[in-house]
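A.B. asks: Take the sequences, apply the hints, and build the full model.
Under my numbering, the residue at position 465 of the sequence shown is numbered 465, and the numbers go up by one with no gaps.
None of these hints come from the bench; they were simulated from the model.
All values reported here derive from a predicted model rather than from experimental measurement.
One should not assume that every hint holds.
To be verified - Using 20 Å as the maximum straight-line C-alpha spacing, the simulated PhoX-like pairs for lysine-lysine come out as follows:
| id | residue 1 | residue 2 |
| --- | --- | --- |
| 1 | Lys347 | Lys299 |
| 2 | Lys16 | Lys5 |
| 3 | Lys13 | Lys38 |
| 4 | Lys204 | Lys246 |
| 5 | Lys211 | Lys253 |
| 6 | Lys38 | Lys5 |
| 7 | Lys33 | Lys13 |
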Amino acid sequence: MSIKKYTAASMQKALKQIREELGDDAIIVSNRKLPNGKVEISVQVEEDESSMERSYGMQEQLPAPTQNRYGSAEQSAPSLQLSNEKAKQLLAAVRSSQQMQENTFAQTTDNANLTYSQQGGYQQDRYQRNMQAPAQMPAQQMQTPDMSSMMHSTLMQLQQELHELRSQVQKQKTEEVIEKPVAEIPEKIIRENQIKQQQQLESKKSIATVKKHWRSLGLGDELFNRFSQSQGFASVKNNSPEMLWKASLRYVKSMIPRYRRNPVESPGIYAFVGPTGAGKTTTLGKLAVRQVARWGADKVGIVTMDSFRIGAWEQMKRLGDIIGVKTALCRQEDSLMDTLSCMRECKFILIDTAGLSHQDERRVAQWNKLKELGDELETYLVAPANLQESVLDQLTKAYEPAQIRALIFSKCDEITRLGEAVTTVIKSELPWVFACDGQKIPEDLKTMSVDMVLQTLLATSKRKRWEYAPTASEQENILVSAMG
Numbered sequence: 001m002s003i004k005k006y007t008a009a010s011m012q013k014a015l016k017q018i019r020e021e022l023g024d025d026a027i028i029v030s031n032r033k034l035p036n037g038k039v040e041i042s043v044q045v046e047e048d049e050s051s052m053e054r055s056y057g058m059q060e061q062l063p064a065p066t067q068n069r070y071g072s073a074e075q076s077a078p079s080l081q082l083s084n085e086k087a088k089q090l091l092a093a094v095r096s097s098q099q100m101q102e103n104t105f106a107q108t109t110d111n112a113n114l115t116y117s118q119q120g121g122y123q124q125d126r127y128q129r130n131m132q133a134p135a136q137m138p139a140q141q142m143q144t145p146d147m148s149s150m151m152h153s154t155l156m157q158l159q160q161e162l163h164e165l166r167s168q169v170q171k172q173k174t175e176e177v178i179e180k181p182v183a184e185i186p187e188k189i190i191r192e193n194q195i196k197q198q199q200q201l202e203s204k205k206s207i208a209t210v211k212k213h214w215r216s217l218g219l220g221d222e223l224f225n226r227f228s229q230s231q232g233f234a235s236v237k238n239n240s241p242e243m244l245w246k247a248s249l250r251y252v253k254s255m256i257p258r259y260r261r262n263p264v265e266s267p268g269i270y271a272f273v274g275p276t277g278a279g280k281t282t283t284l285g286k287l288a289v290r291q292v293a294r295w296g297a298d299k300v301g302i303v304t305m306d307s308f309r310i311g312a313w314e315q316m317k318r319l320g321d322i323i324g325v326k327t328a329l330c331r332q333e334d335s336l337m338d339t340l341s342c343m344r345e346c347k348f349i350l351i352d353t354a355g356l357s358h359q360d361e362r363r364v365a366q367w368n369k370l371k372e373l374g375d376e377l378e379t380y381l382v383a384p385a386n387l388q389e390s391v392l393d394q395l396t397k398a399y400e401p402a403q404i405r406a407l408i409f410s411k412c413d414e415i416t417r418l419g420e421a422v423t424t425v426i427k428s429e430l431p432w433v434f435a436c437d438g439q440k441i442p443e444d445l446k447t448m449s450v451d452m453v454l455q456t457l458l459a460t461s462k463r464k465r466w467e468y469a470p471t472a473s474e475q476e477n478i479l480v481s482a483m484g
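C.D. replies: See the structure below:
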């Protein structure tokens, strides 16, 4: 036997060379990685009988361990050579045996050949399949029992050594491929996780602070959830509570719808609908006085459709006489178009309706009369501002068939926060036209622009009582907070 070395750029290429020259039964003695990065594999090659004594009588010197890329020593395969004494005994037995015994030896050693797989382990399949072959041969052919016993013992020892070597190789591969990367990653991952957790904690604190202020204004959680999904929230959610608070006010302002017509300045027909006691008649009277002051009494007319409530017509007639405008009553059986025919010269016509239950069929008949006017009509829903958000939602949905164009909130002087009304305006997408904050005619009727809605929303939370205009210093603070 002799040792032949193969050098290649990788283990796979070296094994390919060995297979091409020696076949799959080549015996690999050792392998190591060279300083230049290549792989060197030492293979045992069979020789003729004259050289066997030299091969079995010497120990193959293994290459020294080298340092791998992780700083650990490369494990080289242990020597597969037999000891001198066992080699001499084996050689003497071979020389004194007959050709059949030599064939037996050749067959046994061939069965003991081990192959090295690309996965780094030593295969012993052929040896295990043929391990019992010599024992199964006829007794007359086994004329050297000492040799066979010695070979069997030696091969069993080799099997044990190779099994241990395979475990070492597998352990080394595991340390190189798995343990080293895992040891390098944790510090970076921990640092990134700490930063991420800190950002999430600060974000949650900011959101909690803003949400607390949001609720103190009476703004609903549903509206805040919509804000939290907006682009403005995403751009500042990791910043300070002050930045997030200003962003929330900008969002509220952007969501407040704007009305297209001012009933004081734009001629037209305006109807007022709403539940009983909402303040429809009082609101109509305040607006009528404003229009008379702006355009003259001959340009304003008042019509009431409330023929159900006792004294409703008399009250409206008395108001008309006081301010000097035309008044008319449209009964249930009358046509609204015929009733309005006497007011052709009026630029502004205000229609008061009866406050009826949503289950009352007369309410639907009343709405159908209003629809006779088509696009000429602007219908306003008058709702008390002191109602809860859920009740205001139900109210706006109940009056949808009346084709509401805008909202008027009455009784604003009875509330300490305006958030419920603002939330209703945003959710219903109906503009807020007027706010009534008292019984005085016409003083307690305020025109509400988008900026005024936002300013009043903030001023209400400071004063514990709704007021029309914040002080100069408050206005400055409000605008800085909202526009900042």
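A.B. asks: Now, for every hint given, state plainly whether the structure supports it.
C.D. replies: Hint check results:
1. With a C-alpha separation of about 5 Å, the suggested pairing of Lys347 with Lys299 holds against the 20 Å cut-off.
2. Restraint check for Lys16 and Lys5: the C-alpha separation of about 13 Å stays at or below 20 Å, so the hint holds.
3. Distance hint between Lys13 and Lys38 is fulfilled; the C-alpha atoms sit about 10 Å from each other, no more than 20 Å.
4. As the CA atoms of Lys204 and Lys246 are separated by approximately 17 Å, the hinted pair is consistent with the 20 Å bound.
5. The straight-line distance between the Cα atoms of Lys211 and Lys253 is roughly 17 Å, inside the 20 Å bound, and the hint therefore holds.
6. Pair hint Lys38 plus Lys5 holds up; C-alpha atoms about 13 Å apart against a cutoff of 20 Å.
7. With a CA separation close to 13 Å, the supplied pair Lys33 and Lys13 stays within the 20 Å bound.
When the structure is compared with the earlier hints, no violation turns up for any of them.
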